[in-house]
Structures are given as structure tokens and as C-alpha cells.
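Q: Let's have the full structure, built from the sequences with the hints guiding it.
Order-wise, the sequence lines are chains Z and C. For the first sequence, position 296 matches number 296 in our numbering, and the numbering has no gaps at all. If you want our numbering, it's the position in the second sequence, counting the first as 1, plus 1000.
It is possible that part of the hints are untrue.
Listed below are the simulated EDC-like cross-link pairs for lysine to aspartate or glutamate, each with C-alpha atoms no more than 16 Å apart in a straight line [what the hints assert, rightly or not]:
1) Z:K228 / Z:E334
2) C:K1524 / Z:E36
3) C:K1290 / C:E1121
4) Z:K229 / Z:E334
5) Z:K524 / C:E1036
6) Z:K228 / Z:D555
Simulated from the structure, these hints should not be mistaken for lab results.
Number of protein chains: 2
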Amino acid sequence: MVEHSSLDAMFLNKYCPSSASSSSSSSASSSSSDREKRLLHALRGSLAKKYPQKSGEVLSAQYGINLLLVGVSLMLALAYQGPNASEETVLAFLTALMLVQLFWMVCYMVRRERRRSVPPERDANAATSWIRGGLTMLALLSLIMDAFRIGSFVGYQACVSAILGVYPVVHALHTISQVHFLWFHIKDVIKRYETFERFGVIHAVFTNLLLWSNGVMTEAEHALNDHKKRLVALGYFNFTVDPEEPSCNCTTSACSMFSSSLYYLCPFNIEYHIFVSALLFVMWKNIGRKLDHQTNQKRGSSGGSCLLLGPVLGLLALASSITVLIIYIIHVEESAEAREAAVSMFYCFGIVILASMSAAGAVGLLIYRVEDWPMDTTPNPARTLDAKLLLGSSVGSWLLCWCSVVAVGGAQSYPSYRWSNLAYALLLVLEKCVQNLFVIESLYRRRREPGECPTHSATHGEIFSVTASMAPPYDGIVNHAFESSDRPREVPESSKADKTTFDKKTKDVSLPVGHGAQDSPSRKRQILKNIAIFLFMCNISLWILPAFGCRPQFDNGLEEASFGFPIWSTVLNFALPMSLFYRMHSVAALFEVFRKI
Amino acid sequence: MVEHSSLDAMFLNKYCPSSASSSSSSSASSSSSDREKRLLHALRGSLAKKYPQKSGEVLSAQYGINLLLVGVSLMLALAYQGPNASEETVLAFLTALMLVQLFWMVCYMVRRERRRSVPPERDANAATSWIRGGLTMLALLSLIMDAFRIGSFVGYQACVSAILGVYPVVHALHTISQVHFLWFHIKDVIKRYETFERFGVIHAVFTNLLLWSNGVMTEAEHALNDHKKRLVALGYFNFTVDPEEPSCNCTTSACSMFSSSLYYLCPFNIEYHIFVSALLFVMWKNIGRKLDHQTNQKRGSSGGSCLLLGPVLGLLALASSITVLIIYIIHVEESAEAREAAVSMFYCFGIVILASMSAAGAVGLLIYRVEDWPMDTTPNPARTLDAKLLLGSSVGSWLLCWCSVVAVGGAQSYPSYRWSNLAYALLLVLEKCVQNLFVIESLYRRRREPGECPTHSATHGEIFSVTASMAPPYDGIVNHAFESSDRPREVPESSKADKTTFDKKTKDVSLPVGHGAQDSPSRKRQILKNIAIFLFMCNISLWILPAFGCRPQFDNGLEEASFGFPIWSTVLNFALPMSLFYRMHSVAALFEVFRKI
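A: What follows is the structure in C-alpha cells.
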């Protein structure tokens, strides 16, 4: 009731200050000075009121987007002029953003500490423990990368700008406090100073997004240099590749070790920033949200099941991918024939793994059609974002695939891997479609509650008619009355009153459940768990390959002939980072699916 | 009750086929053949059931996205190889898509005709009459463009491919049937064969999007050729510009008239396709949606008000922009000094108009803060899409602006328009932010109902506590009991039952409304209407300028020096179409705001 009274007060304060003040002063004279006084009073009252949520969202979103675009334009200028003068500008800009975010996070944590007696509401579905654990691991690798950067700066400090030393220090501090923030505050549903906090959180989202962009750009530059070196080594071109090291000599003995290790740690740093960005975005969406306390609790997954085929095949895929990676990296620089063989090997491996993944996903979808568990349609920003990110990040590699198909279709040359390239591209499109469907359907499916299948009778029809009218405007009908307290669900406030009525009506109804239905679902769940773990490991394999240098789209030459190097490298630089993010996000989503089944 | 019974049946069919069938066969022997029969039966039952909405959405979305990407990859190949061989491929692909869409639309209309006795539900907020009227005008211009294309084909048919004649014919048929579809079916909320229709509608969305992309690419190519011709004429470069006409002679006397007219009609065709695409997307979102029939009605705007300053200033802006356009087009090709003067003139005009628009928008926002009308938070896919499109399409010109800022900051040369370029860029960012806030807040605000401001009393606190618990999880509390039948609102089904209870409780409550509050709101509404009409006309002006050739970003040289021609032209080709769409979409949204106030 306390919540309602405060809502009343809010309502009254929000909607009727002018009427209250105007009724009290309606008897005063209508002179212009009185009107001015009233206007000033109304203005002061209005500005002190809560800023509308929608406007607050739009305002903060615009701030964030513009921040991102400032950074992107600086990076584009850097890309044109090369790493001479502008790298310092970009790093200085990023350092400033990180310091602002640090300041905001510290203020937030201090404010929370002071109001420790009033614990904040928390969204149970945002940022599960294992996601935060995984991110902490990535953050540790990121800290090691910062340490190497500092070591590299110490070696070259005679001839490089000071910002190259300041940046990794600030980045390390930023990473440590961000990890602390992730563990203790990421689930908070902010209800005080909403408009201000929206700016703080969106600033954090886009700072991480810019750090991700910077990492991606550095990676792309490095990959392009590698590609050029290979072409020069194979004798195709005769230009000098820009050296990546500074002009002075290193004063320590570990510079080359630092430089080469940085390259291997970079992918983890990149994934860390984009994931944190997504989690902070969910926090931003949660600001001002009203949760249903009874149902906003996570539920652990059901007991152990027979996991054999899935993990075994998954480990096989993982081991094969590491082998393919090593062989590819070695052979692609040897000679033209070795390069062609390496590319063919990659495509054959890809065809096998993608066909298996597509088949596994299709079996999972078929099980869902047969078993037909009900859909969970309650509002869940984290899940909605998951689905949108999966679809959005698939766009990159779908574009690559269709470009490959067009290139193979109109090719003038006929290398040996032409048709395997085509098959790989088409299978990649299919595999992503099937996997997206499987993951999203898994996230939206829920288990049938024990009493959820009544017999066909008129009485039950009437009872369920109440529920039907309560149904949110999605597919299927959600039976709130049978919710157990450990079910992760947030329902609109409106259904609470009706739930009590419904509970009273259905107490004495006994609902039969067939025995046969209980055996096969557990076997089907075993199959689904195996599928989930298999796909989980295959996605890790398909992340490792491009993240550590296996990028045949650069090396096979077909697409470059059809689109030209400028267009094709632009498409690759756009699509490959999205593809890497897709794989890592699928890994996270499939683990969630595995725990949920 | 009929609806509830059918929902019950759906529920029972959906959730419990396996339990129903398993309970009926639980007494049978548990041999493997019986299990197989049960599995087949369950599978058949499952496949006959309704496909889950979420999965249907994901499946159709993936189909649409891949369709778009196939088209984009063909266009990228065309961009590299030039308009020699691949233009026919692209046109053939688009023709095939249009024929498929035509076929689907005809089938849909025939099916609707057969079920004329059962009129479909309609979303009152989708595609208002004036939007459809505007689109019909754009479609007419598009048909004229098709006629000119056919005329041009007839003149050059000796040496051009037949597809260049087939394409405009199919496009004309497609346009006519699409306009018919827009007038009679775009508001339909599809409830039968949902999964199939999702594919049909999404196919239509992405076909129009691809036609838009094709138009944009053609336009960009034309603008680039113009730019090159100017540089050659001014003596900067010495290359030959590719001729845009075919190699043979024209057999009619009107070819050049057709070619030049095509260029002026192209912008309308482009805007037509992107708008239709957005309307069809709203239709796709509406598939399977449950509307509240009582409140799904549009409301006309309030009576006439004093409109003087807004229209006058708006017409002044429009007249000035046309003058600026003509002077710019003439002078930019004359000499280097004339070009510099033309660009400076454009920036000065831009600064004045953007400053005025920002001030007007800010006044509007201030009025909303003072007047504090309640927010309308009911679900409305059309409005949500409007807001997202406004923010999304702003990204293009915000990127251009920040690139200009970076370019001016790091410029090596110092032309006279350097600082006006900087001021223009910053004002453009500000103007778009303010305008977005104003438009979105206007779309989400609603008028206060006559009895909406109660006095502060405990009784009212109790009454509103019921309402408060019904509040959707957004800012403010929506008082459903005071809805009049002509208010455009869709509320969740859940609040219907409570509304009746609420109505009974509040019949005898008399709620005071101050006199003073009624006078100033109508004056404020007048001011808002003037602001809306002024912004409406300014946005038309700012659409006309780049649509018909006034693009100083190509001509001022500053950004090209900072980013290089490849990067800068890519950014322009991405950002300018988005900017044009933003202006046209703002025009539509501001007209909606004007009618709503």
C-alpha cells in the first residue's frame, strides 16, 4: 500500500500542480504581474517535477549516440592519416571518457553505500553470475594486456607520446572499478535521480562501445598489415609495409614479446568491452522500471542429466578447429599452392562443422514443435536485447556470405575452392538462421507447470476465460495462477489483483497429467541439453578461428576480384567484428539455454 | 465471450494435445510401435498447431534481412564494375521481387474480398489518411518517372538490354497495386495464416527497401559524376567522366528531356519507397496483435486556432531555400571564387534557419514542461517506429557533422567558410536533438481530460490506488476511467474489468478545474501549432536543398582533405540518404503533431 500512496502523491503532484495553484489564486486579481508570478511559480514547479521517462530516454540516447559518433569520426580521421599524429588524439579522447565514467561509477557506489539501509530493487534476469564470472576472466586478460602496454611504453618512452603510457593505466583502473560495478550494481533498478543516472549509464555504454571500436580498428589494421606482408612474401606486390613499431630502439629486452602478446590478448579485450556495453544497456533500459517482486526471482535449472554425445562431439570440434587454425597460419604464408590448400582445408572443415550444427539446431527445433512447451511472454529487457543482438550481429556474416555467393557466381578465375566457398557461404547462412531460431525459441520457452493441462470441460473453460482476458497481447496464454515463487517471471501489476481471484476458483480443481508425457519430456530435455552443449562448443571453435588470424576471406581472392579491394575490405572490416561478437554472444546465450532446459 | 471460448480452445489445443492424446492411450500397451504411433500423432498434431508468434517473427525477419543482403551484395558488385554488365542483374532481381510481391498482394486482396462478410480488425493509428494521400502523390510522380524510363528505353532500344524496358513496366504495375493496397489494407490486423502472411508482408517491406537502395545508389552515382564534372570544369582534374547515356543514338527527339527529368523525379521515388516500407513494417508488427476495440479510434484535432507567425515564417524559409538552391547550382560550377562564395552563402543560410528551428523547438519543449500534460503510454507500434526512425535516421547527419568538426579542427587550409562550416555543423546537431525531443514528446503527450485533476483527499487516494496498480510500467499514471470514446488509445485487455469497477466508484465525484488553467492552455496550444507548422515548412526546405543538388559537403574540400576521398564519399553516400529520409519523416511527424495539438 505504501507504494500506491507514493504513486498517488506522485500522480497528484505530477498532474495537478497548476490546477491546485490556479484554484488557490483564482480569486486574486488578474493583473499582468499576477500572471507573471503564476507563470514563474508554475515554471519553478514544473522544473522541480520528475522529467518524463520517455523524454529522459530520448535525451540520454541522443547524448550517447553523439558521443559515439565523435569517437567514430576521430577514428576515421586516424584511419586515413595512419598512426602518426591522430592516435594520441583518439587515446586522449578515450582516456577522458573513461575518467568521466570512473567518476560517475565512484559517485554511484558512494551514494548506494550511504543508502545501504534501503536496498535497491534488482532485475533477476540481468547479468547472471556466470556471465559476470566470464566477464571477470576477460577483464583479467584485459588487465594483463594493459600491463604489457605499459611495459611496451616503458621500452619506447624516448620517442612515443606520454598518452601511450597514461591510457593503459587509466584503462586498468577503469577495468577494475567496472568489474566491481558489474558484480554489485549491474542488476540495480534505479529509481532516484533517474534522468541524471540515465546519462551516467548511457555514457558508460557508449564508452565501452568506443573502446570496442578502437580495439576492432587496431585489430583490422594489424590483419591488413599481415595480409599485405603475405602478398609481398608471395611476390604478388612490391610495396613496403608500414612498420608497426616506433622509430626508436627499445630500452628493455621484452618489447617484442609485449608486442606479439598484445595481438593475442586483443580479441579478449574486444569481447569484454562489447559484452559490458550490452549489460550496461540492459541496466539503462531498467531505469525507472516497475518490477513484480513476487515473480522476479531466478530459478535454478533441473537436476543432472545424461550428457555424453554433446560434450564429446563439441570437444572434437574444438580440437579440430585449433588444429585447423595452426595448420592454416603456417601454410597460408608459404606459397600460392600451400595457400590454396590451406583455404580449401578451411572450407571443408567449415562445411562439416556447419552442417553438423545446422542438423543439431534443426533437431532441437523439431523437439520444440513436438513437445510444445508454452511460451514465456513476460517483459524481460535482457532477453529482448539478446534476441535483437543475435539477429543484428548475424547481418555482418550474412552480408559476407551473399557477397561470396555473388563473387563465385560471376567469377572469372576458377580456383579449386570455388565450389567449397559457395557451399560454405550457403551453409553459414543456414546455420545462423537455424541457430538463431533455436536459441530465441529456447529463451522464450518455459516448462509446463504440473497442473497446467486441464481436461476438456466447460468449467475449466470458464476459469481459463478469466486468464484469457488477462493475457498479454502475445501468442499463447500465460497461467499466472500456477506460478511457483521460484519461476523467473515479471508480470504487469494488473494481473496481481486477478491472480488472487483466480487462485480461489481453482483450488479444488484436480488436473490430470499423463504418465507418458513425463517420461519423454525428460529424454527430450537430455537431447536438448546435449544439443546446447554441442552448439556451445562449436561456437567457441568458430570464434577462435577468425579471432586468431584464420580469415580466408582476405586470402581467397575471389571476392576481391568481384568487389575491388576498397569495397571488399570495408565490408570485411564491418562484418568480421560483428561475426566475432555473434559467436561470443551465442556462446553466452547457449549456456543460458543449457542451464534453463 | 466468443473470443474467450476460442482462446480457451486455442489454449487447450495448444498446450495439451500430448497430454490429451497420452491420457487416451495410456491404457494401450507400451510397445515400440505404439510409441512410434504416438510420436507421429503428436508430431502431426504439433505441425498442425499455430506456429509460435515469436518464432514466426524471427523466421520472417531472417528471410527479409537475407533478401536485403542479397540485393545489397549485387549492388556492391555493380558499384565496383560500373553500369556495364551488372545493372541488368540488379534490375532483373528487383523485377522478380516486385512480381512476387504483386502476386502476394493480389492473393491477399482476393482472400479479403471473399471474406468481406467478416471485416478485419484495423489499427486506427497506422497510416493516417493524409499520409496515404501524400504517398499517393509521390506514387503519381513515380509513375511519371516510369513513363519517362519507358520513353527513354524506346529511344535507345537498339543497344540496351530488354530488362531496361521490362523493369519500369513492372514497377508501374507494382506502384499502382501497392497504392491500392495502402488505401484499403494497410491498417489490417492479420489474424489468419499469420506465419504465411508475415513472410508476405516482410517480403514487401524489404522489396521496397531494396528499391529505395537502388534509387539511392543511382542518385549517388549521378551526384558523384556531377561532382567530377565540376572538378574537371574548374580545372582541378584531367580525367574523362564516364558518359551516362548508352552508346547508340536515340531514335526519338525526347531522350535528353527524359534523362534530365528523371533526375528531378528520382528523389520523390526514393522517398515513396522508404515510406511505404515503414508503413508495411507497422503492418508486419501488427500481425496477430490484440486490439482493444473500445479505444482503438482516432480522434480529430480541436477547432481552429490563430495561425499566423508560424506559416508566414515557414513560407519565408521555403522561399529562401529555393532561392539559395538556384543560386548555389548556378554559381558552384563557375569558378573557384564563385564556388567558395556559394558554399559560404549556403552555410550562412543554414546557420540562420537552424538557429530559428532550434529556438522554436526549445520554446515548444518549455511549454510542455510548464503545461505538463500527461503522457500517453499505451502500446502503439506506429508511434514507437516513428520515434526509432527519427533517432536512427539522425545518425547519418550527426556523423557528417562530427566529421566536419574534426576536419575544421585539424584543417591545414583556411578557406573563408571554415568557421561557418563549424557553426553549421554544431547547430545541425543541436537542431536535430531539439527537434527529435519536441516531436517525440508531442507524440507521447496527450490532453488532460476534463475531470483529471482531483483535490488532495484520502478517498481519492484510495480510488486512484486502484488505477495506480493498473499503471503500465512507464512514467505517470493513466486514468482509464476518464477516457472518452474518441480518444486514440489502445489499452491492455486487463484493464477492462477494472475500468467498470472504477467507473462505478467515481460517478459522484466532482472534480474542480481552475479557470485560469483553461485560458493559458489554449494560448499555449496556439503557440505549439505555430511552432509545428514553422518546423514543418523548414524541414521541407532542408529536404529540398540536398535532394536537388545542393551538397556542399562534396564541394567544400575540408573533409575530403581530412578523411580522404574514399572514406569521405563512403560516409556521404551512407549519411545523405539517411538525412533526406530524416527530413521527410520529420515532415510527416510534424504534421501529425500539428493535427494532434
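Q: Does each hint fit the structure? Answer for all of them.
A: Consistency of the hints with the structure:
1. Distance hint between Z:K228 and Z:E334 is fulfilled; the C-alpha atoms sit about 14 Å from each other, no more than 16 Å.
2. For the hint linking C:K1524 to Z:E36, the alpha-carbon distance of about 15 Å falls within 16 Å, and the restraint holds.
3. Between C:K1290 and C:E1121 the CA atoms are separated by roughly 9 Å; this keeps the pair inside 16 Å, and the hint holds.
4. A distance of roughly 12 Å separates the Cα atoms of Z:K229 and Z:E334; the hinted pair therefore holds under the 16 Å criterion.
5. The hinted pair formed by Z:K524 and C:E1036 meets the criterion: a straight-line CA distance of about 15 Å does not exceed 16 Å.
6. Taken as a hint, the Z:K228 and Z:D555 pair is honoured in the structure, with Cα atoms around 10 Å apart against an allowance of 16 Å.
Violated hints for the displayed structure: none, as all numbered hints are satisfied.
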